[in-house]
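Novice: With the hints as constraints, model all of the structure from the sequences given.
Chain by chain, the residues run as shown.
Number of protein chains: 2
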Amino acid sequence: MSNNDDRIQTARHSAAHAMAEAVLALFPDAKFGIGPSIEDGFYYDFDLPRPLTPDDLPIIEDVMRKIVARDVPFARRDVSKDEARVLFANQPYKLELLEDLDEDQVTLYTQGSFTDLCRGPHVASSGQLGAFKLTRTAGAYWRGDESRPMLQRIYGVAFDTEEELDAYLQKQAEAAKRDHRKLGRELDLFSIHEEIGPGLVCWHPNGGLVRQLVEDFWKAEHHKRGYGIVYTPHIGKLEQWKKSGHWEFYRENLYSPMDVDGQQYLLRPMNCLGHIMIFKSRLRSYRELPLRLAELGTVYRYERGGVLYGLPRVRGFTQDDAHIFCTPEQIQPEVIDVIELARFMLATFGFSEYQMVLSTRPDKYAGSLEVWEQATAALAAALESLGISYETDPGGGAFYGPKIDIKLSDAMGRWWQGPTIQVDFNLPQRFNVCYIGEDGGEHLVTMIHRTVLGSMERFFACLVEHYGGAFPVWLSPVQARVIPIADRHVEFAVKIEETLRDSGIRADVDERSERMTSKIRDAQMAKIPFMLVIGDKEIASEGASVRLRGGEDLGLHSIEDVQSQIRAAVKSKS
Amino acid sequence: MSNNDDRIQTARHSAAHAMAEAVLALFPDAKFGIGPSIEDGFYYDFDLPRPLTPDDLPIIEDVMRKIVARDVPFARRDVSKDEARVLFANQPYKLELLEDLDEDQVTLYTQGSFTDLCRGPHVASSGQLGAFKLTRTAGAYWRGDESRPMLQRIYGVAFDTEEELDAYLQKQAEAAKRDHRKLGRELDLFSIHEEIGPGLVCWHPNGGLVRQLVEDFWKAEHHKRGYGIVYTPHIGKLEQWKKSGHWEFYRENLYSPMDVDGQQYLLRPMNCLGHIMIFKSRLRSYRELPLRLAELGTVYRYERGGVLYGLPRVRGFTQDDAHIFCTPEQIQPEVIDVIELARFMLATFGFSEYQMVLSTRPDKYAGSLEVWEQATAALAAALESLGISYETDPGGGAFYGPKIDIKLSDAMGRWWQGPTIQVDFNLPQRFNVCYIGEDGGEHLVTMIHRTVLGSMERFFACLVEHYGGAFPVWLSPVQARVIPIADRHVEFAVKIEETLRDSGIRADVDERSERMTSKIRDAQMAKIPFMLVIGDKEIASEGASVRLRGGEDLGLHSIEDVQSQIRAAVKSKS
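For the record, the sequence lines run as chains A and B. Counting from 1 along the first sequence, just add 9 to a position and that's the residue number in the numbering used here. Counting from 1 along the second sequence, just add 9 to a position and that's the residue number in the numbering used here.
Treat the hints as calculated values from the structure; they're not laboratory data. Be a bit skeptical, because a hint or two may be false.
It does not matter which identical chain is meant; a pair holds if it fits inside one copy or across any two.
Quick list of in silico lysine to aspartate or glutamate cross-link-like pairs, EDC-like style, CA-CA up to 20 Å [claimed, not checked]: (1) Lys-504 with Glu-569; (2) Lys-536 with Asp-270; (3) Lys-233 with Asp-511; (4) Lys-40 with Glu-569; (5) Lys-142 with Glu-48; (6) Lys-228 with Asp-511; (7) Lys-373 with Glu-447; (8) Lys-416 with Glu-173; (9) Lys-289 with Glu-195; (10) Lys-40 with Asp-511; (11) Lys-582 with Glu-362; (12) Lys-233 with Glu-507; (13) Lys-40 with Glu-108; (14) Lys-251 with Glu-204; (15) Lys-75 with Glu-312; (16) Lys-251 with Glu-203; (17) Lys-580 with Asp-511; (18) Lys-289 with Glu-204; (19) Lys-90 with Glu-105.
Specialist: Now the structure itself:
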C-alpha cells in the first residue's frame, strides 16, 4: 500500500468517528459497535432507538460538516482497562470488545464530544477528513453473528478531493445504470425464478439470441482451430466422480446424488468425464495428439444462497469448455494457441486490457516434481513468448496442476474473471487416459482444461455491463426498428421490415398508434441501434430517415444504403 | 388384414410346425413350447439337450426342405383333453398349455411325425410353405416369465415367393449395414458408456458436427418464423412438478429428487416449466399472442434398462421443443404453420412420406367439453386445409388435450416417430398462465407443445440409417479429402486443403504413406463425398482428380471448379 493509500484510509477511519459523533449528537442514547475504514470509504454500526431512513443521512452529514468546520483535534490517550470500563459503562458493545483485548492498557481517541476505543491512527484534526458522502444504510448482526442483535450500519465514501469523490459517485451511478440485473429486466434478457430455484437462469428470447450469437461465433472459431465440438450427458454415475476426486475435494459444491436402478448418479459439476470417455472410446495414437474436445457444457454446482448474485454467481452455468489431450511437449504450443484464441475472441467484444496470473505448485500436489516443473515452465514460456507480463501466485495452483487465470477489464474499468487454462496431471492417471506412443508403448496423456469466455452466464453479465445494454449491431436482438409516423405509413414500414428481414437483418415495426417521439424514445430505451422513421417524404423517395440510438440523425437514406450500413456493422462486429 | 395376409400368416404358422418336426428329427428328446407366426415369419421355442449354434440352422433348414419335398398333409383332429394328455405325456409345456384350456375338446395338427396342440388353421400340405429361411436363435423364458425355464427360440422368415424372400433378406442386410449403432462406431459419431450410465449419450466430434448443423438449420428456420429461442435450467423445484401433474402421472419416468437447502429438486422431464415462467415473468397482452418460445431442451426420463436401444430409446435426450401460448382461435393457424414448418424441414432431409394421426379426447380429461371440441376441430381443420389425409385415434389423446402425431418413412421404407403437436388445457390452468384480453380482463392462454424433429438423438439415428451414413454434403463432417498419391505430392495437397478450408469447406488431407487405392477405400468407408487425388499431372495443371464416394470418377478439375461444386451441393442441401 502506498503512503497515499495509508493517508486516505486513515482519513476514512476518522470520518467513521466523525459520523459516530454526529449520530451521538442526534441520538444521545446510541450504542456503538465498530467503525472501520473500507475500500473507498467507511462504515459504523449503531444500536439506535429507531430505524434510520434515507432522510436521516443528509442530516447526519450536515452535523459531520459542522464537526469538520470546527476542526477539532483527534486526541489519543492510553488508559487502563479499568478506566475504560468506567468510561464505556453505558456502551455494552464496547465493553464486550474491551474484554476481548489481552493488554492491560488500551488506546482511546477523542474528538469533540465523542470518545472511542480505538488503536488509530487518525488524522490530526477533523478539518482533514477530505471529501465524503454518506451513501446508504444496511442491517448488520453484531460481530456478524445471526444470534446477536441486528445493528444499523451507515456506509460512507471518502476521497482526498471533491473531484475524486464526484468521479467516484458518477462511476457508481453509471455502474448502477449498467447493472446487468436491472438491464436484464428492462431489456427482457433473462430472469431467475424462486419457483424453479435460486441461481437457476431462464434466458428470454432477447438474451437467448445474444447468447446464441456468442455461441455461434465461439463454435466457428473453435472449428477453425481444430477443436471437435461434442455433447455429453449432464448426469453420470457417482462412482466416476469418486474416482476423479471431485466427491472428495468438492463435495460441498455437489448436488445430492440420485438413485437410478439402485446406483447413485450425480448432476455433473464439470464436463471432463464425458470428454475422457470419448477419448477412451478407442485406441489413440500419438499421431492424433493434440486432441481437442470442446463443449458448451452446462454444469451444476451448489453455492450457498447468500453468495448467489445475478448471473455471475449461480447454481447452474454453461462453461465454454474444452479439454486438450496432449503430450508434455505440446503444452507450450497449445497454451499459446489458447491464449491467442482467447485474446482474439475477447478483442472482438472490445476487451483489450488483461491481468494474467500464473499459479504454481501448492504444498499438496498430484504428479511428480518433474512434470510440475516442466508444465509450469511451459506455461511461463507461453506467456513470455507472447510478450505478456503476468503475476505469479506461488502455491496458488490446484493440487492437480499449474494454471493461468486471465481477468479482463470492462468499459467501466472493472475486472471480470475470464479465461482459465489449467494443466491436469490427476485425471489422466485416475482414469488411465493413455495413447500409444511412437515407441509402441502406452503413455499417460496430459490434459489441459480451458475456457476462453469462462461461462456464458458470467460472460453475458460482463457484456451487458460492458456495453451498458447497447449491444453492438451484430449482437443486437433487434438491429433496426421501422417507425411509421402515422397510421398511413404503416404499410410501407412493414414492406421495409420485410425487405430487411429477407436480407437477414433483425428488424421489427412499431405499429402502435403512439406519437413518433415516444416510439423513438422506446426504441432508444430498448437500445436498438438503427431507427428508420417513415413519413410522407420517406415514402415519396422510397427511403427512410435514419436515427441512431445515441441520438444522431443521419437523414434520409435509401433502403439499400441502410442495408449495407447495417451489414457492414454486422460484418465488422463493431 | 387382406386374404393374402391371412394366407401367408397361415403358411408361416405351418412353417413353424415344419421346423418343429425337423428339430424333433434331430433332437428326439426335444420338448416343445409354442410356435406362432409373427410379422414376416415365425418362431418356435424348444427345450433342447444342448445349446444351438448358428451352424445348426442350415441343418434344420435342410430337414425342413425334405419335409416340403415330401408334401405331407397337415391333418386336423379333434380329441378330448384326456386323449391329448396321453399324447403329450412327455411334453410338459404342452401339458401346461392344455390345462389352461377351458374346452373339453382340443384340436391337434399332425404333419409327418409331428403332432402339435394347435387351433390352426394350416396349409393343406407341407409343399405349400412358400419361401422361407431360418435367421437366428435367441433365449426366451417360458411364457415370458423370468422365474420359468429359459427355452431356445429359433426365428424364421417366410414369404410367398423366393423373390419376396430375397427382397426381404436384402432389405434386412441393408438395414443391418445402416444400423445407426454400427455406423455410429464406424464413422465415430457417438458412444454410450456403462461408466457414465446406460442410455446417456456422448456425441463425438463427427456426430456433434452433424447435430450442430441440424440445430443451426433448426434455429434459423425458427427465428424466421417468429419463434424466440430460450435456454432454461435442467433442474427445478419438485413442487412445481407436483403442481404440473408430472409427479402424479409420470412418476415412474422421473429421476429421484435431489435435496438442495432442504428442498427437493427434480431433473426435468419436460421443458414446459421454464417456458411458463418466462411467459409469466411479466404481464402479457393479447397483442403479444401467439408467443412462441422454442428451446433445444435436454430432458431426462427414466426408462427401464431392458427397453433402452441405441439413440432412439435413451435416458437423456434433447427435444427440439417449443411452446406456443395462444388463444383458442389461434390454434388452427398455428398448427398449420407448425405442420408446414415440419414438412419443410423434413423435406430438406429427404423425407416426403408421412403418416398423420389425430388423437382425440379420452374418458378422463382436463378442461371443458367445449374447449376439447373446439381444439379437436381446429386440429382436424388444420390437417384438412393442408389437404392431408390422416387417421383418427379416438380417445388416444393425453388427458390434457388432443394431439397430432406424425411418422416419417425413411429411405428403407421404415417408419420413425417424428413431429408431435399437442394442445394443452391443463398447464395453463394449473399455473394460472394468463393474458390481458382486449376486454381488459384476464384469460387463460391455450398452450401448444410441439416438436418438429422429435429429439436430436432419435432424429439423428433416423438420419444415419436414412442416409446409410453417407450424409449429404452440407451435413458431412468431412466434405472433401485430399489424397496425395506419393509423399512428394503432400505439400501441394496441404495447400489445396488450406484453400478449401479458407473458403469454409470442411477438408482434410490423408498424409499417410499408404497406397492411393487404400486411401481411397478408407475415404469411401468414411463416406466422404469428395476425394481429390493429387499426383504429378494434377500438380502440373494446378487441379485435382475428383472421385465421389459412390465410385464415380469425375476426372481432372480446377480447384475453383471443385469449390463451386461443393458449395453448390451445400447450398442446395442435396
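Novice: Out of the numbered hints, which ones does the structure contradict?
Specialist: 2, 4, 7, 8, 10 and 15
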